[in-house]
Amino acid sequence: MTTWFSAEWPWYVAGPLIGLFVPALLITGNKLFGISSNLRHLCSAIVPGRVEFFRYNWKKAGLWNLVFLVGVLIGGFLASQVGAAHNIAISGDTRLALTQLGIHDFSGVAPRELFNWAALLTLRGFVSVVVGGFLVGFGTAYAGGCTSGHAISGLANFELPSLVAVVGFFAGGLVATYLILPFLLRGI
Amino acid sequence: MTTTSLPAIEGSGAGGSEQDQGHPAFLLVYLLLGIAFGIVLTRSEVVSWFRIQEMFRFQSFRMYGTIGSAVATAAASVALIKLIKLKAISGEVIAIPRKEMGSGVRYAAGGTIFGLGWALTGACPGPLFALIGNGVSVMIAAVLSALVGTWVYGWLRPRLPH
Chain A
1 MTTWFSAEWP WYVAGPLIGL FVPALLITGN KLFGISSNLR HLCSAIVPGR
51 VEFFRYNWKK AGLWNLVFLV GVLIGGFLAS QVGAAHNIAI SGDTRLALTQ
101 LGIHDFSGVA PRELFNWAAL LTLRGFVSVV VGGFLVGFGT AYAGGCTSGH
151 AISGLANFEL PSLVAVVGFF AGGLVATYLI LPFLLRGI
Chain B
1 MTTTSLPAIE GSGAGGSEQD QGHPAFLLVY LLLGIAFGIV LTRSEVVSWF
51 RIQEMFRFQS FRMYGTIGSA VATAAASVAL IKLIKLKAIS GEVIAIPRKE
101 MGSGVRYAAG GTIFGLGWAL TGACPGPLFA LIGNGVSVMI AAVLSALVGT
151 WVYGWLRPRL PH
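Protein chains in written order, with the working numbering: chain A, 1 to 188; chain B, 1 to 162.
I should point out that these hints are in silico values taken from the structure, not numbers from a laboratory.
Errors might be hidden in some of the hints.
Beta-carbon label-pair distances, calculated as ranges [stated by the list, open to error]:
1. A:Val13 with B:Leu83: 23 to 31 Å
2. A:Gln100 with B:Leu83: 50 to 58 Å
3. B:Phe61 with A:Asn116: 44 to 52 Å
4. A:Val13 with B:Leu156: 35 to 43 Å
5. A:Leu160 with B:Val93: 21 to 29 Å
For lysine-lysine, the following DSS-like pairs were computed, each having C-alpha atoms within a straight-line distance of at most 30 Å [unchecked claim]:
6. A:Lys59 with B:Lys82
7. A:Lys60 with B:Lys85
8. A:Lys60 with B:Lys82
9. A:Lys59 with B:Lys87
10. B:Lys85 with A:Lys59
11. A:Lys60 with B:Lys87
Selected chain B positions facing chain A (Cβ under 7 Å, derived; list incomplete) [what the hints assert, rightly or not]:
12. Ser60
13. Lys82
14. Val105
15. Phe114
Think of the CB as a built atom: it goes at the ideal place given N, C-alpha and C, for glycine as much as any other residue.
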């Protein structure tokens with residue numbers, strides 16, 4: 001059990017489990033699975049200002065989702081406490097490509113060289129965390145959803161807007177991967 | 001003006017933002033489901049920047065298999081729920097509001113902007129929080145920045161094409 005819990009799960013186990021959160025939330029309280037609306041709820045709760053987008057009853061609309069989000073954080077912590085840390089078993093091709101871009105530490109879930117507090121003072125760390133985070137927040141709010149709301153909930157309900165959004169996710173991801181990261185990681 | 005012109009709030013259900021949270025016991029259920037989701041995100045390794053790079057470089061089927069089977073499972077579940085007209089435990093009729101296409105610009109542009117951020121941070125919103133739980137504490141800065149991004153969108157919203 002512990003071994004199973006601590007190991008990496010194959011995609012055909014992980015994927016269906018992720019998909020089951022859609023019916024689980026619908027069946028519990030007619031809630032639609034989507035994480036990024038929490039960013040809007042948090043803005044509404046903390047600094048709504050005079051912005052109309054944030055003037056609504058966030059408790060009624062999103063308290064359940066914020067509670068779910070707290071759970072995600074706790075779940076991440078619990079999962080990290082079981083089993084020894086292991087390298088993410090990415091393909092040799094990816095490892096080689098990233099090594100050539102200057103990534104040397106493959107020991108965490110994310111490269112420690114980029115994702116630590118001190119690295120925020122470097123261009124590549126700042127862009128990865130701060131600029132990247134900004135784009136995640138701006139883009140998901142603009143698109144009205146993220147991987148969960150559009151790619152999973154939306155596509156599962158055969159919504160064309162979600163398909164457009166998902167194509168956009170990939171377009172943006174490919175641009176960042178092939179046109180931005182090579183320069184960013186090499187230090188320009 | 002107003003509430004009608006706002007986009008549907010993701011996750012607010014058919015009743016929109018006026019919907020009640022229901023009995024406090026439901027909040028416990030959402031917490032437990034969230035914990036389960038955080039565990040699944042971590043174990044499936046979709047929280048990993050390395051896995052996201054592998055996906056965008058088309059060097060492994062893993063992420064595609066994960067997302068694809070997640071969509072298939074969710075689609076089959078939603079179809080079944082509609083077919084048998086299932087009611088939620090909270091008593092409401094389960095109904096998923098359709099997203100409005102409009103010009104489509106918001107989905108294409110917003111999606112692309114999010115995609116850039118997804119590849120740079122190596123994380124979508126769920127994993128950002130799961131990573132903080134995993135001990136990648138600098139993702140707190142990414143979340144704060146994402147909140148600023150969301151806020152700036154809300155502020156610019158009247159001037160952006162949708």
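How the hints compare with the structure:
1. Distance hint check for Val13 (chain A) and Leu83 (chain B): the Cβ-Cβ separation is about 26 Å, which falls inside the suggested range of 23 to 31 Å.
2. Between Gln100 (chain A) and Leu83 (chain B) the Cβ separation comes to about 51 Å, which falls inside the hinted range of 50 to 58 Å.
3. The supplied range of 44 to 52 Å is broken by Phe61 (chain B) and Asn116 (chain A), whose beta-carbon atoms lie about 31 Å from each other.
4. Between Val13 (chain A) and Leu156 (chain B) the Cβ separation comes to about 41 Å, which falls inside the hinted range of 35 to 43 Å.
5. For the hinted restraint 21 to 29 Å between Leu160 (chain A) and Val93 (chain B), the CB-CB distance of approximately 24 Å keeps it satisfied.
6. Note on Lys59 (chain A) and Lys82 (chain B): the hinted pairing holds, with a Cα-Cα distance of about 28 Å set against a maximum of 30 Å.
7. With a CA separation close to 25 Å, the supplied pair Lys60 (chain A) and Lys85 (chain B) stays within the 30 Å bound.
8. With a C-alpha separation of about 25 Å, the suggested pair Lys60 (chain A) and Lys82 (chain B) falls inside the 30 Å cut-off, and the hint holds.
9. Restraint check for Lys59 (chain A) and Lys87 (chain B): satisfied, since their Cα atoms lie roughly 23 Å apart, inside the 30 Å limit.
10. Note on Lys85 (chain B) and Lys59 (chain A): the hinted pairing holds, with a Cα-Cα distance of about 28 Å set against a maximum of 30 Å.
11. Only pairs whose Cα atoms come within 30 Å are accepted, and Lys60 (chain A) paired with Lys87 (chain B) is accepted, the gap being roughly 20 Å.
12. At a threshold of 7 Å, the smallest CB-CB gap from Ser60 (chain B) to chain A is about 5 Å, leaving the interface hint in force.
13. For Lys82 (chain B), the shortest C-beta to C-beta distance to chain A is roughly 9 Å, which exceeds 7 Å, and the interface hint is violated.
14. The criterion of a C-beta within 7 Å of any C-beta in chain A is not met by Val105 (chain B), whose closest approach is roughly 9 Å, and the hint is violated.
15. The restraint placing Phe114 (chain B) at the interface with chain A holds, with a minimum CB-CB distance near 3 Å, inside the 7 Å limit.
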